[in-house]
Amino acid sequence: MIVDAQEEITVSFTLNGRKVSGRCQPRVHLADFLRHHCNMTGTHVGCEHGVCGACTVLVDGRAMRSCLLYAVQAQDLQISTVEGLAQGPHLSKLQEEFRNYFALQCGFCTPGILMSAVDFLQSNSDPCEADVRNMLSGHLCRCTGYDAIVKAILAASK
Amino acid sequence: MKPAAFAYAAPTLVAEVLDLLARYGADARVLAGGQTLGPMLNMRMVTPSVLIDINRLTDLQSIVLAGSGAMMGAQVRQRDALESDIVGRTVPLLRDVLPYVGHYQTRNRGTVCGSIAHADPTAELPLALLTLKGTVHLASAKRRRQVAAADFFLGVLTTARQQDEFIVAVEWPNATPRARFAFEEVSVAHVAVVACAAGAEINDAGIVTRLDIGLTGISDRPLAIDTWPYLNAKPGPAWRKDIAACVRSTLPYVDDLHASAAYRRHVAGFLVERCLAEVVAMAPGEERVVR
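From first to last, the protein sequence lines stand for chains A and B. Numbering of the first sequence is given in this note's numbering, commencing with residue 1389 and proceeding in unit increments. Numbering of the second sequence is given in this note's numbering, commencing with residue 4 and proceeding in unit increments.
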């Protein structure tokens, strides 16, 4: 089956534990779909070519660029975004440590870094600083100089 | 940046992929991980009319030992290859190289075969495949064929793949028990300016009986050097310096905004010497600590 370029197709997936669906053309990337069709604007769109990391979300538990996935590819998958981290008014441990260490200033890069760190900490229970910095090489932050982010992620791993 | 409009197909069978490629060929692009095709689409450097998404295929996800090598299907993600026991045991150079490929987040999605298909002249995986004398398995609706890595990479983003073909798998030859490997890279923002991979076998008398050396980042494709003049020798400092001098004098080096040809030539010799010192110092089959 081929979806024509101008044709809108229904896309359904699980977003932070809830079923969502919407219609879009094949060329709509997942970040735009999340923001414009799901009204989930926590995922930020920076460079739109996979470099800055601001749009990073979890796809079936793994951190990926949502600007390099098309929404049609998310059909039936599990997507997690920054909106799913806190439980009501209670921040996750990782978010608390970002607050404790002042690991953000403008906050534009933060949602992507948080999602990468969730995946990273799930598969690296006792990371060293070099591991964290290596993982963070996939994100650009122009405010913090990264030090506070590294400290926050290491603290969250304890 | 948003991609130009494209029609989209997500086949579940390899035969459907081949039918689509036979029908659309030059107008189509195969989408695997999309970590390099995605940026090119979003920046409209490529504007295919049809995108053939192979992420719904069900039978190219595995790494299997097949006779003389590890066969890696088109959907194997770089992260899965890095974490694979088969890769760790049978293709140690690949395990050493993978942490240098892209970033944690792009390795989660990007595939090994996709990087081979893309043939970026600074990419580590084409270098590893060339150095290890691996094989690319191609399929079209008409035929299946295998192409040696040495014949596959033809230039910048250019390979021996025909427009109706796609890479179903790459084959990584098994490392022999005596083999030792090293990988070194000088990079700017994680993009290689020069990278070197080396493999060697040294017998009980301390004589080099096999030597493979490849470099990338220096030219329009990864390049391997003729190593036969350096076989059957004791691998001392003079031997290393001779090989470094050969690398500096015989390979082409490009000038671009990242580095001058003179700098690349200097670094290439330096990295070759360092890789050779590493493989000589290692015990056969010794595990290298991945940074």
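The set of hints was computed from the structure by calculation and includes no laboratory data. One should not assume that every hint holds.
Computed cross-link-like contacts, SDA-like style, restricted to lysine to any residue with a CA-CA straight-line distance of at most 20 Å [unchecked claim]:
#, chain 1, residue 1, chain 2, residue 2
1, B, K5, A, R1521
2, B, K5, A, L1542
3, B, K5, A, H1425
4, B, K5, A, G1434
5, B, K5, A, K1481
6, B, K5, A, D1420
7, B, K5, A, T1429
8, B, K5, A, H1437
9, B, K5, A, V1439
10, B, K5, A, R1487
11, B, K5, A, Q1394
Just a sample of chain A residues kept apart from chain B, beta carbon distances all over 10 Å, derived [stated by the list, open to error]:
#, residue
12, G1405
13, D1420
14, R1423
Ideal placement from N, C-alpha and C gives every residue a C-beta, glycine not left out.
Review point. Any hints this thing doesn't respect? Which numbers, in order?
Key: Per hint list: 1, 2, 5, 10, 13 violated.
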